[in-house]
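**Q** Put the two chains together into one complex, using the hints given.
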Amino acid sequence: MSYLLHRWVRVRIILVGLGLGLLLMVVGARFFQLQVLQGAELRRQAEREVRKTCPVLPVRGLILDSRGTELAISTRVQSVVAHPRKIRNAARLSRELAPVLGLSPAALQDLLSSDAPFVWVKRHLTPEREEAFRAWEKKVAKSARARGNGYQDENWIYLLPEAKRYYPQQALAGHVLGFCSIDGRGLEGLEYQFDRELYGKPKRVQRLVDARGRCVVTEEKAWDPEVMGHNLVLTLDQTIQYIAEKELKRAVEKWQAAGGMALVVNPRTGEILAMAQVPTMDPNCFALFPAEVRRNRLLTHAIEPGSSFKVFIAAAALDAGVVKPTDRFNCENGFWQVTAREAIHDVHPYGILTVQGIIQKSSNIGAAKLANKCGGARLYSYLKAFGFGSRSGIHFPGENPGLLKNLGLIRSPLDRATCAFGQGVSVTPLQLTMALAALGNDGVLMEPRLVKKIVDARGETVEEFPPRPVRRVISRETARQMLAIMATVTRPGGTAPGAAPPGFTVAGKTGTAQKLVGGVYSHNKFNAVFMGLVPAEHPVLAISVIIDEPQGAIYGGVVAAPVFREIAAQTLRVLGYYPPAPATPVLAGLLSAVSQTQAQAAEPETGGEPPAAAAAEGPPTVMPDLRGKTIRQVLDLLQRAGVRCRLEGSGRAVSQDPPPGTPLTPGVVCSVKFEPGF
Amino acid sequence: MSANLTLRLTAVSHALLARNRKVSRRHSAWGRAVVAAMLLVTAAVVLTSLIWAWANLQMVTLNYEISQAQETIKQYLEINRKLQVELANLKSPARLERLAEDVYEMGAPQPQQIIRLP
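Order-wise, the sequence lines are chains A and B. Quick note on the numbering used here: the first sequence kicks off at 293 and runs consecutively. Quick note on the numbering used here: the second sequence kicks off at 904 and runs consecutively.
So here's chain B without its partners, still in its complex pose (with noise of 0.2 Å):
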């Protein structure tokens, strides 16, 4: 009966107790391969996920910067044509006539002032 219980007893602790038990598995290779396999396949699609949401950024970035850049072109147009007004109203012949006569002291020439070149 005591020896029953011993051995009883005995691999309880065996069970419960002895964790440096020297246990052999058999590893299958085949096994290895799909792991292998699995984590490879799920380092491809976290890569292309993060590229593929790098891509996007960037798209949307680059899109920003392209709406940026055609609104700066457009403000210049528009600067730009304001200019043209500005220009055309400083060259406008009652503007240059008043500054040649009341600046310059110009007139227009006499017909002896004409000098024709061969």
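Extracted from the complex, chain A is given alone in its bound form (with noise of 0.2 Å):
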């Protein structure tokens, strides 16, 4: 018995082994057919279902102006998508949507009932619809856990993030900026010029999900500089350009005109500091103006100068060494028959005029005499020296070379006449302003500058647009001539004298050109140019204004004149220059002060103004007491001492270093504290 049962134990046992073993077997059998014989087929099937790659969108590139603002800026909104092939029932998505997206239950029907594996249902959602469309996934979500139910329509439509582009600015440069089309690429402007170095670079992460489909860990950086694109640092300055914008569209409001143009330059750089024109464009909603707004009139449309073009031909003349300034020629009393049959008129009549009253009247015929003088071929070499008739080589697309005949070969002489004063020549008004802008550099032409500098995400500049000469067109002293007689033209007798902003000089030149209607010229329809440099000794800046077709007054000393001298005195204004201070005794203001103190001393109730005649007493050797003045009163006081000053705080002075009384020596730096309500 006892056998029998130690037996059946041991059967047993034998029997459990061998179960174990075979299990053993079959595990490492399935192991082996699962590690070995089709493993790499299905590794490579789970590293499909984990891992994905997903597309990283590159974000666009900031333009910025010269100060750091920015111009243009891309941000990530959401926009809706679908797979339609996927949806069983669209119309009861289509109903459901329809409101949260504000689309029509009809035509949302129609996109996700199409046969396309891909849609977009709505792209760049605004936050209200976005919020509103992920408050009705939640609600899906949650009714969909609440039915237990795998498979739903809701799963194929989904938001997908997208860059967009805003200009923060709204109009402001919006022709210069361009603009770009939905899908983040250049169409217009230096959007598209810098489209390259602005889009970025897109490429494709690798990223692991869960079984939810959820990330578990991704390739992708959150601040990725390998996707940013480059940064677009400009050479206007936005206060600037608003400036100009707005004086502009003034002057167009004023005089009712079709339109205008101004272009602020900084002559020794070739910096455009502004580059205006009305109507103007809002790039965050392009579609809405018609593409004549759209684009950069200032490079692309050639206009007659009139009479703004004179200087040049003077330039031309007095550095080819065929006149003096104090050349005088015979205006022939507003009436010169050039040829049998033609004759050219001026719009006052002159008898006799020098160089510089040519210019300062604005004489036709003195022009087209001085033109005569010059010559052709030399006349035309200097034109295309000052880049009259060719592209100027900014990086800006479009740029319109303008119109300017071969002078030594034009065989009529009143062709050559009238292009002394600006008709049968066009030009952009970007030519206008840097061959003008060469006058004001020593007769240096310079290469217009819009760009400053290219600067990758970390900030690193990738490449730097330098100031570069073009070519010297005239020598120094003849462009000092011209700025001589130029300034002329602002002053009492000249054509424009209220061109000049207080305190400036200007050395300007009007211009009234008629315009071509038809191969016509019209009587009726004009561009009112004014082109100056400021301050006339020493220009910081040029600047050029046309008003196309003013209703009114026509003429550029009138009409565009005006809109100079506000641009002008602005510009100063914001650069830091002032019109230069009056001579006054530097120590007059400590007299007065130090009067004002012994005053007080002696009558301490009076607190009246010092006597005028103080101020004769003699040379302060005290400082004065400052305690209760507004900082006015003190910068006034101390700046006309000649004492430096630290202040701080703000309101009514309470102390001051070194106290009143100390006696004052040479450098001494005085500090002022203030206090509100004292």
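If you're looking for bench data, these hints aren't it; they were derived computationally from the structure. Treat the hints loosely; a few may be bogus.
Claimed, not checked - Quick list of the computed label-pair ranges, beta carbon to beta carbon:
#	chain 1	residue 1	chain 2	residue 2	range
1	A	Glu-423	B	Ile-976	30 to 36 Å
2	B	Leu-990	A	Pro-950	38 to 44 Å
3	A	Ala-383	B	Leu-990	42 to 48 Å
4	A	Ser-406	B	Arg-998	31 to 37 Å
5	A	Pro-952	B	Leu-990	42 to 48 Å
6	A	Gln-843	B	Glu-981	47 to 53 Å
Cβ atoms here follow ideal geometry from the backbone N, Cα and C, with glycine treated the same way.
**A** Next comes the structure, spelled out in structure tokens:
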């Protein structure tokens, strides 16, 4: 019995062992099958399911003004996309989603019932729509959980992030910046010109997802400079651009003009500080504007410059040495028979005028005689050297080269004569301003610069555009002579006596150009032009203003010159140029202050102004009492006294260092503390 | 016969009924060592597996946390960009000029109001 029992136990043990062994073998075999025989394929399948390759959208670079203010910036917005082939009940989905997205149910149903594998349902949602869509998604997910339903049509319509271009300054410099397509590619202006640099580099990253499709780990970085486009730093100054646009708009409204253009350039560097045109275009909604308005007309439109062209004729004649500023020309009392059948006129009749007089009075006949004296071929070469008739090389698409006939080959004396006062020649406002800037830059033509540099997302400079002199057009002496001659235009007796901002001198020139309409010069459509350099002695700004078809007045000196004055005055202030201070005695303020201190010491209750005679008492030797004075009074006092100061706080002065009565020493710095409500 | 029967029954009862037989077995020292080693190895394997599983779990959890943190950073960067747009809007010269003129009754300084500091 015992033997039997032992044997049974042994059999059982063996059976269990065999079973376990068999199981182990099965497991081993399965392991072998999965890991070795099918291992490679299964691993690939797992990779496919777990590892997703996702595109990373590039972030378009910024466009900044010269002070770093954002003129164009891209932000991420959400778009709604769908996979119509996967959607079973498009009608129900459309009914639910149409009010959420603000679409018509029928249109949405058509879209969701289509045979396309992928459709954009609505692009660039507003934050409100995005929020509404997310709320709808949450509601759908909640009801699906409650129903325990795995498959849903709602899974195949979802949000996809995209970049959207914003222009926070709205229409400011819109025609310069250009605009982008909905896919973020530049279509016009600088956006188009520098699209490659701005766009960035799209790339693909690996992402591990779990069974629910949630991202477990991703290669994508939160801030990835590799996908970010470069930033563009312009020479434009946002404030000056605003000033130019504001004043131009005001003038266009005042004169009920068809439009206007203004360009502000630094003549030393060729930097374009402002490039304004009216009507303006808001690139945030560029589709609302006609193509004509979207264009940067300062570069793409060539106009006849009218009398403003005379300064270049005079500069050429002077530089060639064929005339001197004091040479006299007979202006034929306003009527000159050039050929047997053709004559030219002046607006006002003039007799004998010097070169300076020709420019100051803007005599057509005088200018024509200057051109004749210079000679066609030589004049042509000078005008070409000023940049007329050829592209300036600015980094901007669609630049118009203008039209300049070869005056050396022209047979008609009338054609040569009319060219001298800006007829039969067309220039872009940019060419006109750069040529003017050459006069203000000692005769050296600079390449116009709209872009200062390109920097990457880390702020490192990728490419720089330094000031580049193109060529010397005229000698320094001639340029100086021209500035002196042009300065007479804005003085009494000139054609634009009101063009100079208070406290500054301006070397300018007016122009009133008839417009060509259907191949004929119009008698009621004009371009009023004024261009000038300010200050006339050492120009820091070259500005040209063109008002298109003004009503009521047509002359450049009346219509365009006031715009120039306002732009110049405000721009100079922005750049820190102030009119020369009146010649006041340096210590006058201190003298009166000392007298005041003494008077206060003698009569502390009165507190009145010091007697004027006290100023003559002698040089000050002690620091005045500044207590109780406003910042303006203290600054005025110390400035006129020649004492440097350091101010702290606001309100009225409560303490000062050195204290009142301290003997003044050269180079002393006075610290004054102010408190409000004193 | 009866004696044989008795003897056989006694043997059966010994085999089946007597559970408190005094049996002495010889235990092999080698066998104990093997058992101990196997136990040790099993414990080590179990422990290693637990640590491996824990580490894997930690890795997955941390990966989730990293993804979420990255997503948060992206959201903050996006908010930052939107605030930049807002700031640029608020700092636009047109708005500032309007505020200065309409609200604070400010204007451009006249030349005589400008004080140059030495």
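**Q** Indicate, hint by hint, whether the structure satisfies it.
**A** How the hints compare with the structure:
no.	hint	verdict
1	A:Glu-423 - B:Ile-976: 30 to 36 Å	violated, 22 Å
2	B:Leu-990 - A:Pro-950: 38 to 44 Å	holds, 42 Å
3	A:Ala-383 - B:Leu-990: 42 to 48 Å	holds, 46 Å
4	A:Ser-406 - B:Arg-998: 31 to 37 Å	violated, 45 Å
5	A:Pro-952 - B:Leu-990: 42 to 48 Å	holds, 45 Å
6	A:Gln-843 - B:Glu-981: 47 to 53 Å	holds, 49 Å
Hint check: violations occur at hints 1, 4; the rest are consistent with the structure.
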